[in-house]
Amino acid sequence: MSGGTGESRIPAAFESEPAFVPYLAAGDPTFEASLAYVEALERAGADVIELGLPFSEPIAEGPTIQQAVVRSLDGGMTVERYFEFVAALDVDVPLVCMTYYNLIYQYGDEEGPEPFVERAAAEGIDGFVVPDLPAEEAGPLRAACDAHGRDLVSIVAPTTRDDRLQRLVDLSSGYLYVQARLGVTGARASVSDRTTESLARVAETGTDLPRAVGFGISSFEQARDVIAAGADGAIVGSALVDIVAEGHAEDRPPEETAAELEALGRELKEGALAAAEPEASQAD
Amino acid sequence: MSEQQQRRDGKFGDYGGQYVPEALMPAIEELTDAYERYVLGNEDGFMDEFRRRIRDFGGRPTPMGRADQLSERYGTEVYLKREDLLHGGAHKLNNALGQCLLAKYMGKERIVAETGAGQHGTATAMAAAHLDMPCEIYMGRRDINRQRPNVFRMRINGAEVTPVEVGRGTLKEAINETMRDWATTVETTHYIIGSIVGPHPFPSMVRDFHRPISAETKRQSREAFGRLPDAVVACAGGGSNTMGIFSEFVDPRDSDPEGVDDVDLYAVEAGGSTLDVDEERGVAPNSASLSTGTEGVLHGARTKVLQDTDGQIMESHSVSSGLDYAGVGPELANLVEEGRVDAVNVDDDAALAAFHRLSQTEGIIPALETAHAVAYLEQHDDPSELGEYVVINVSGRGDKDLAAAMEETAGRDLPNAPEMDVFDGEGLR
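If you read the sequences in order, they're chains A and B. Going left to right, the first sequence walks through residues 3 to 286 as my numbering numbers them. Going left to right, the second sequence walks through residues 1196 to 1624 as my numbering numbers them.
Hints were generated in silico from the structure; no laboratory data involved. Computed from a predicted model, the values in this text were never measured in an experiment. Heads up, the beta-carbon is just placed ideally off N, CA and C, and yes, glycines get one too. Take the hints with a grain of salt, since some may be wrong.
Said to hold, decoys possible - With a straight-line cut-off of 20 Å between C-alpha atoms, the simulated EDC-like cross-links for lysine to aspartate or glutamate are:
(1) B:K1299 x B:E1238
(2) B:K1206 x A:E139
(3) B:K1299 x B:E1225
(4) B:K1299 x B:E1355
(5) B:K1206 x B:E1532
(6) B:K1206 x B:E1490
(7) B:K1206 x A:E138
(8) B:K1299 x B:D1327
(9) B:K1206 x A:E113
Stated by the list, open to error - Non-contacting residues of chain B with respect to chain A, defined by C-beta distances greater than 10 Å in every case (computed):
(10) R1246
(11) P1256
(12) L1470
(13) R1535
(14) P1613
What the hints assert, rightly or not - Residues from chain B shown here face chain A by an in silico Cβ test under 10 Å; the list is partial:
(15) M1220
(16) A1222
(17) G1364
(18) K1367
(19) M1374
(20) T1380
(21) E1490
(22) V1492
(23) L1493
(24) H1494
(25) T1504
(26) D1505
(27) Q1507
All chains, please: the whole structure from these sequences, using the hints.
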């Protein structure tokens, strides 16, 4: 990793073209295989990578990512191993640590989130997404991110309206994670109408923050459709984790799984780019 | 902490708060508003209807009576607050009925709830049937196997019961899964959380629905022995029966607050098989989060939790599935930290012995949860030091626990357990 000092590299990642933002749980199913999987996604064209630090109570996750969390924890993942994982990664895209607040809060000798953010920044993490941390409780983590030049990405839900939305926009940096539909993470067949509504509401706030849509995106068409609907990026988790799960269940060589991840990653990146071309966006 | 402040941000000292996904926050705000208007403000006569229904449907007030043989055994006047006599066999109906009614006032169409021992699930199923609301209960697979009679009761009352297969299949996993359901259905569904845990306003609201336990205890104490008790003892898992019977002694809202500060409050946790933890395996063979836990964030609140040094939540254990939880209500955590409540614990063996003792000496078969509170007097070197008058909250009856109690008793050397071998065989479970 190149990380350590300086500012977050996230804002630059959304500048030139629609972004592909994959998620994987670090250490799923093993430390070494998982390194190869994340690196495969960078080759596929990932612009930002969300790297899950598994927590024992993943209340925002559907079955696919719950099982990834179990595999990773069973494979010996700890907070310390996670930082070693980030340090060992040979990728050159911004990394976002996605985890739950208790792990951030517990780290280090001092109370509060700062020791975690400081260490994460030193290992090369650019920002954070914390699904169980609404604006009401995010003050201390925001301050720690500011102190270390990191981004805090807020999740905007389909139920988020008006003053809450403005508060999240004001709180966020890097990008906004626009949740495509209600529920938990998991691959779905089609992009919800609510995605379009949510994106329109965010646009009305006049924010400059890039908007990346996640929850349910699994194909070229969906990646294309969310970008066409006004998103600046497509976040994909469960569809990729499914490949890792299947490779693990079928006992496939990690290179084979990495190749499959890279293939789906390319498809998704191409989908995101396709929407930027006039004919593709008119197709809908 | 002023009540006003507590209402606004749901903090109890450093504990409490609202650590939940953004998707749920609008519903939490809506619920907070409904709690303040209907429960605290009695808007549209909500609390009047709640009091009427918990009387006519629930059977409040529950009695409080002297335990003659325990009083003699412990050299102090022991009184039992009989929440086991509330409809459904546990204090849980207070909260389930209150929240179910609130959901109706809020215009919600569906109820979801988690359950551990099945007591909250059965109370919710009854309340939902009574108020004509569809309801779905999430229950861990292991708990389903431990508490089959309650599963049958929920089904018979018309509730869907959905097994939770992940993890160890106990309360913690059931709460996770119910939160996931709620995150999907939040616009039409209310989540009736079963204890004083979770994000604000749940801890305050659940406590307030259980507050009648405490108000009645004060009144009945004055009637029975002319003053407030010296000590109140209640078991604590999440802590709803605990805060139910403590609340008027901590934060009096009835007309007669005099002397409440002099009442000692004991929260008896499940010591399980030992208080030691197995950090390597992530297992705490107990559920004593007040006694041995550390500050952390679990299920929407900052509180005392059983966790490893990273902050991963440990698997808890107790012979009583209703106490088998790695966290505890934030208000209770704060009261222990402030020194207002003493956190103590008794182990599985002591709880089982107390289960048999109360059954034999007073004719009351207690829930295994409740047995922990009763066991504290036995464990105490000199129970008379607790004071002249001691009230124990009999939070629930033990019918649901018969199979588990017999099975656990069979593997132990309990001098006061009845001989059951002759009845062994297929019929017992």
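Given the hint that K1299 (chain B) pairs with E1355 (chain B), does the C-alpha gap stay at or below 20 Å? At roughly 19 Å apart (the allowed maximum being 20 Å), E1355 (chain B) and K1299 (chain B) satisfy the hint.
Is it true that the CA of K1206 (chain B) sits at most 20 Å from the CA of E139 (chain A)? holds, 11 Å
Taking the closest pair, is the beta carbon of P1256 (chain B) still more than 10 Å from chain A? holds, 37 Å
Holds or violated: K1206 (chain B) and E138 (chain A), Cα atoms, limit 20 Å. holds, 12 Å
Holds or violated: K1206 (chain B) with E1490 (chain B), Cα cutoff 20 Å? Holds, at about 14 Å.
K1367 (chain B) as an interface hint toward chain A, with CB separation required under 10 Å: Holds. Min distance 7 Å.
Mind checking the alpha carbons of K1299 (chain B) and E1225 (chain B) for me, to see if they're no more than 20 Å apart? holds, 13 Å
Against chain A, is M1374 (chain B) within 10 Å by beta-carbon distance? Since the shortest Cβ distance to chain A is 5 Å, the answer is holds.
Agreement of hint T1380 (chain B) with chain A interface, Cβ distance less than 10 Å: Since chain A brings a Cβ to about 8 Å from T1380 (chain B), closer than 10 Å, the hint holds.
R1246 (chain B) clear of chain A by more than 10 Å, beta carbon to beta carbon? Check passes; 32 Å lies beyond 10 Å.
Double-check H1494 (chain B) for me: the hint is only fine if its C-beta lies closer than 10 Å to a C-beta in chain A. holds, 7 Å
Does the nearest C-beta of chain A fall within a distance shorter than 10 Å of the C-beta of G1364 (chain B)? This interface hint is violated because 13 Å lies over the 10 Å limit.
Comparing the model with each numbered hint stated earlier shows that hint 17 is the single one that does not hold.
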